[in-house]
Amino acid sequence: MFPPSFDYHRASSVSEALSLLAELPDATLLAGGHALLPRLKNGRAEPGAVVDVSELPELIGVDVGSEATVVGAATTYATLLETGTEAGDADEESDAGGSVGDPTAGRSVLEQHAPAFLEATRAVGDRQIRNRGTVGGNLAEAHPESDLPAAALVADASVRIRGSGGEREVAVEEFLTGAFESAVGDDEIVTAVRIPHVDGWDGSNGGDAEENGSDRNEPTVDNGGAYVRKTHPTSGYAMVGVAVRVGIDDGVIASARVAANGVADTALRLSSVETALEGIDVTTEGVGERVTAAVENAPADVPEATRRGDVHASAEYRVSVLPTYVERAVRAAVDSTEAGSDGGPDSVGDSAPDSDSGRNGRRDQQGGEPR
Amino acid sequence: MSDAESADAGAADPSEHDQEAVDEDADTDAYTGSGEKRREDAALLSGRAEYTDDREPPGTVHLAFVRSEHGHADLEEIDTSAAEAMDDVLGAYTWADVEASPSPGRLQPPGLDRDVPAHPVLATDRVRYHGQPVAVVVAEDRYRARDAAAAVDVEYDPLEAVVDPETAATDSEAPRLFEAAPDNIATTAELGDRDATEEAFAAADRTVSIDLENNRLISSALEPRAAIGEFDPDEGFTVTVTSQSPHGHRRKLAHTLGVREGEVRVVSPRVGGGFGHKGHHHPGEAMAAWCARELEVPVKWTATRSGNYLEGAHGRDHRTTAELAIDDDGTIRGLRAETYASVGGYGLGSGARMPVRYGRLLSSQYAIDAIHCETRAVFTTTAPIHSYRGAGRPEAIYVTERLIDVAADELGLDPVELRRRNLISPEAFPYETPVGATYDSGDYEPAMDKALEAIGYDERTDATGADDGRLRGVGIANYVESTGGGFESGLVRVLPDGDVAVYAGTHSHGQGHETTYAQLVADALERPIDRIQVSEGDTAAIPTGTGTFGSRSTIVGGNAVVESAEKVLAKARRIAATELGVDSAQIGYEDGTFAVSGANDSVSAEAVSGADETVSFEDIADTAYGWGLPDDLEPGLESTTFYDLDGAAYTFGTHACVVAVDPDTGDVELERYFAVDDCGERVNPLIVEGQVHGGVAQGIGQARYEQVAYDDDGTLLTETMDSYGVPRAADLPSIETDSTVTPSPLNELGVKGIGEAGTIAAPPAVVNAVCDALDITHVDMPLTEEHVWRAISDQNEE
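First to last, the protein sequences are chains D and R.
For the first sequence, the residue numbers in the UniProt record's numbering are 1 to 371.
For the second sequence, the residue numbers in the UniProt record's numbering are 1 to 798.
Just so you know, not all the hints are guaranteed correct.
If the Cβ cut is set under 7 angstroms, some of the chain D residues that face chain R in the computed set are [unchecked claim]:
{"no.": "1", "residue": "PRO233"}
{"no.": "2", "residue": "THR234"}
{"no.": "3", "residue": "SER235"}
{"no.": "4", "residue": "VAL311"}
{"no.": "5", "residue": "HIS312"}
{"no.": "6", "residue": "ALA313"}
{"no.": "7", "residue": "TYR317"}
{"no.": "8", "residue": "VAL321"}
{"no.": "9", "residue": "THR324"}
Chain R stretches covered by chain D per the calculated footprint, using a threshold of three residues with CB under 8 angstroms from any CB of chain D [as the list claims (entries may be wrong)]:
{"no.": "10", "region": "663 to 675"}
{"no.": "11", "region": "714 to 723"}
{"no.": "12", "region": "783 to 793"}
It should be emphasised that the hints constitute simulated quantities derived from the structure, not laboratory data.
We put the beta carbon where it would ideally sit given N, CA and C, even for glycine.
From just these sequences and the hints, can you work out the full model?
Below, the structure written as structure tokens:
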């Protein structure tokens with residue numbers, strides 16, 4: 001088929017892009033193109049105009065602030081991984097830097113505050129896709145099996161949306177409204193993803209940077225995270241993906257964020273699991289059993305009507321194995337904390353089979369570049 | 001002869017054959033037996049190679065299909081007016097137009113018991129599968145053609161669909177596809193002796209049984225099917241087509257178009273994979289030619305990936321109940337199988353008859369006194385079934401190799417030990433099975449032992465291996481593969497300067513014939529390999545041949561070109577004798593130089609300089625086409641052989657794999673995969689190994705990922721690669737290989753085919769391993785995480 005003919009505009013600013021969206025009939029945005037181009041090819045998208053925002057400087061970059069890291073919407077996965085993992089001066093000044101084997105040593109700000117988000121970013125597609133696709137585009141596409149939404153949920157991230165009336169910020173939970181549906185309007189643009197820095201576990205973020213003596217923003221709690229995925233053998237997306245963030249206070253899980261994708265129309269928080277995890281002492285015997293028991297009810301957090309499956313893996317299967325993947329993600333997250341890495345009496349991560357042993361040869365989602 | 005048909009023809013007496021040729025390869029300088037790198041790869045890998053779609057005769061226009069959106073429906077009305085009114089659209093055609101033309105417009109008759117109509121190139125009054133061609137549109141370019149096809153308005157009256165062959169045949173409520181097949185049964189077939197088998201079962205200590213499904217697959221060749229039709233009122237049709245069998249396509253196209261074979265020239269340039277589905281004739285090929293005649297311009301059709309997936313054709317799709325009669329000491333007394341095999345919505349030539357023959361390999365490597373196989377080939381509202389790499393062989397071996405593991409479990413015997421006790425002994429060849437196959441040669445135990453040793457079978461750990469919570473299992477599959485059969489043409493033509501042009505009626509679509517045949521001819525003529533050129537794929541240039549399928553090319557094509565080279569050399573020797581003034585019996589030949597033997601023990605550089613006593617191959621070639629030829633010799637230096645293989649050569653081997661199964665998720669990892677294959681003499685071990693790798697990859701694809709799915713309405717759910725699970729490189733283990741060599745006594749080269757070994761052996765090896773890991777009797781393919789997880793769950797409930 002011929003792709004439908006359309007006018008192509010390269011916007012020179014976000015405001016120009018916004019006015020083009022408003023003025024041109026059936027205009028749509030183009031950034032990485034991974035959502036739009038396949039639709040153009042198979043005739044499922046017939047835009048009158050395409051507004052290219054992929055090279056707008058205002059939309060690109062990772063801004064590490066004192067309270068949050070703000071990732072420009074058109075920042076590619078690869079750029080985020082590059083800048084987001086730069087340890088910067090944290091190496092020299094980190095108070096934890098001295099102890100050998102300290103998992104937080106040399107970690108970048110984003111690695112310390114939102115490790116699951118980086119792991120999920122690393123899990124996206126392959127190198128070519130990560131060089132081209134964008135963080136904002138990923139969330140705006142709201143693909144149910146995409147990796148970033150669950151990770152964004154556990155990071156308490158929010159999405160900045162600009163329209164003719166100005167900019168608003170929407171929590172990811174409200175942003176994801178359905179399969180391939182998000183809160184961004186037809187004449188609006190996602191400009192950034194804001195990832196708050198962890199500061200205590202009372203739900204508030206944005207601690208006092210002065211107190212830390214720098215803007216390196218090390219978490220004031222022992223923070224860990226992980227993203228574990230079973231890759232779908234045909235699509236390459238997540239058949240089941242689980243993102244976890246845990247905060248450990250004095251050896252006890254003080255706070256937990258757990259979210260899954262692949263199992264429902266949108267990525268979603270598993271709140272009963274979160275509640276059950278809180279209070280678990282990860283430094284004493286029997287932690288494995290306690291975690292297993294805590295994740296058992298994960299399926300109950302996935303509303304029946306939203307469950308999702310296909311020819312290869314039914315909704316029933318995905319939801320049934322969800323506790324296993326949640327457990328593995330929790331174990332990995334706990335292991336990435338200082339408390340969890342101490343190798344206590346019953347290190348939680350030792351006997352978990354490798355997740356994702358098949359597709360993409362990526363068996364270890366917990367660290368390093370995928371092989 | 002059509003696809004896969006030749007595999008199991010009658011027996012031949014091996015004693016009639018001269019085995020000396022087999023030993024000639026002792027010459028260490030020989031090309032044969034060396035891992036010569038594929039000569040075709042530079043062109044293929046650099047993109048220089050020309051495929052059908054790369055060709056664009058001047059004025060070419062493009063054809064696109066309108067396909068049925070329903071699995072089963074009556075056609076009410078087709079309105080092509082909107083499409084025809086579009087710019088750059090040259091025409092839109094339906095069955096009414098074909099019917100009004102001189103062409104019968106139906107593909108080759110399926111040759112079934114039931115007298116049902118053959119597949120029409122465009123649907124007549126009913127569609128019988130999702131994606132069936134309903135109309136065509138021709139436009140100036142392919143995109144316009146596809147847009148215009150989307151503008152054709154088709155009104156359907158949907159009918160009930162039936163996608164499962166057993167349901168279609170046994171459920172009285174199932175919709176009927178054809179009046180002439182009231183129970184949807186296209187053909188029934190029986191192999192072996194029913195009474196003898198019943199007696200064996202009655203006499204045996206026990207019986208084990210299994211119900212299994214051989215999952216429906218799609219050929220995912222890199223290159224989709226394509227054709228360019230050209231028509232000249234004086235010369236007839238030229239059809240450039242992605243064919244495995246150019247001469248077969250010539251005959252089939254002539255039939256569909258209603259012309260004589262002499263009026264059709266078929267050209268097949270490079271073909272990017274076939275796996276059987278490019279052996280059958282397709283409506284697109286016929287309609288490209290038909291439209292070219294209608295519009296008097298070249299018409300090109302290139303299938304989309306989804307188009308290929310919708311009606312590719314598909315492969316496999318069996319439902320089988322099988323039983324093994326076995327004594328407590330492990331002696332297998334009998335085997336019987338009852339199979340419902342899907343034909344699809346129409347019978348496609350030999351594809352529809354595959355189920356009739358599939359049972360011929362049920363004996364696998366074992367001496368079983370009585371076997372009975374009853375097969376029902378059944379119409380279902382699905383894409384037609386045709387041969388897919390293995391074409392009945394994988395279906396049969398899967399049944400037997402699964403049954404043996406079930407029996408071993410029942411007897412408490414090691415499955416390898418059970419196999420060992422029943423192997424056909426090396427002295428028993430030629431071995432005639434009770435289901436009509438005659439195995440030419442074999443020595444099964446050494447190959448099996450090699451595989452077992454390689455994989456560490458005796459030292460294997462039980463159930464839980466390494467301490468990672470996963471369950472380990474080892475799976476073994478023995479197999480035989482019927483290869484070769486039928487005739488093939490091979491022409492060797494020496495050019496006046498001594499270059500050698502080789503032509504064969506086979507057609508390489510990944511097999512590396514350019515290299516293999518060149519090696520064989522270079523050795524036969526003792527010429528440098530770079531003086532040999534191999535051509536295939538043009539019915540105007542090549543003597544009528546059969547084609548490439550059923551692992552036959554090296555056997556029949558290879559022997560054909562070698563025999564022709566030998567005839568050429570004999571004539572060259574006679575010319576040399578005349579030149580040198582001696583009797584041809586006195587002429588020796590070595591490395592391109594004829595010499596009077598006795599004058600020199602061996603032809604040395606000095607001897608060559610003695611011009612009177614030696615003459616070069618080039619000089620003889622020149623003489624052959626020159627003036628000075630004696631009266632009793634016909635000019636020219638070429639020979640054509642139609643090599644005929646009576647029977648089939650039976651390749652065999654053992655594949656073994658180790659799996660780790662995650663009991664919580666059903667995730668399977670193949671930790672080791674080891675293949676030992678015996679395909680007789682190996683002309684090019686590198687190419688053989690490549691065939692094994694590719695076949696194993698596809699076999700693992702069937703075992704683990706690939707499953708064609710239709711919904712209850714007959715809508716194909718796996719229409720794209722986004723939903724159909726072809727394994728990618730990272731999904732596959734490192735495939736380790738080894739070999740034994742048991743030459744075939746049936747052909748002078750001692751070769752057997754290897755093309756399908758991997759697709760035959762891998763599915764049972766992988767399934768056996770997973771069943772071993774889980775300690776279960778059976779789980780159906782593909783072993784998706786979910787299927788395995790369900791098997792674990794069912795087991796936990798018991």
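Under the constraints set out in the numbered hints, which ones does this structure not fulfil?
Failing hints: none at all.
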